[in-house]
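Chain B: place on chain A using the hints.
Chains as they are written, first to last, in my numbering: chain A, 37 to 150; chain B, 38 to 147.
I should point out that these hints are in silico values taken from the structure, not numbers from a laboratory.
Quick look at which bits of chain B chain A covers, simulated, 3 or more residues with Cβ under 8 Å:
1. 80 to 94
2. 134 to 145
Computed spacing ranges between beta-carbons, pair by pair:
3. A:Asn136 <-> B:Ser77: 29 to 37 Å
4. B:Asn44 <-> A:Thr80: 15 to 23 Å
5. B:Ser57 <-> A:Thr56: 38 to 46 Å
6. A:Thr80 <-> B:Tyr88: 20 to 28 Å
7. A:Gly88 <-> B:Asn44: 39 to 47 Å
8. B:Ile55 <-> A:Cys49: 40 to 48 Å
All residues carry an ideal CB built from backbone N, CA and C; glycine is no exception.
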Amino acid sequence: SAVISQKPSRDICQRGTSLTIQCQVDSQVTMMFWYRQQPGQSLTLIATANQGSEATYESGFVIDKFPISRPNLTFSTLTVSNMSPEDSSIYLCSVVWGSNQPQHFGDGTRLSIL
Amino acid sequence: QKEVEQNSGPLSVPEGAIASLNCTYSDRGSQSFFWYRQYSGKSPELIMFIYSNGDKEDGRFTAQLNKASQYVSLLIRDSQPSDSATYLCAVNQRGTALIFGKGTTLSVSS
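Isolated chain A, as found in the complex:
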């Protein structure tokens, strides 16, 4: 089965710094998404990563805080900028392999901000 690799798997960062999370898929996908899961909560969509163009952000999320790239059909990055303790969450990428197909998730990045 196809593999979704997310790096890093976890990190502990200092407030005010930035971290870039990578999502690599071993085959081309039609859609890629980034979600956040805060402690004890469900998943909230941050943005849809669009190949070759700017990401589409959900209400409450802005490009300056969460810049996203998707240079091709198998790779995307999410940067969490100027981090604060409130950014401590699990960040997940998800992908769709074809039209009318389910989303599948990477293993997630567990981020803690000190």
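Coordinates of chain B only, in the frame set by chain A:
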């Protein structure tokens, strides 16, 4: 605002029993319906999806969809302790991102 509602639980069932998990959604335009299982500290894992009204069975799992009532459920037959997890209901219109419920925690006791 599009919403997906689930009882948070915990839902406790004895081993071998049927676990019934329920979900309602607000957007009548929703076309696809998913159940994900999430173990503590892990990412969500897809276990069932359903697009049409009625039942869909896969092993011990049955998903049920009633679009008129905007209701989707997941039945787990012969529940096992390994089924203990949080079950997330998610819906979308095709080609769009998922909207998740808050999840129902299932505990299966041996």
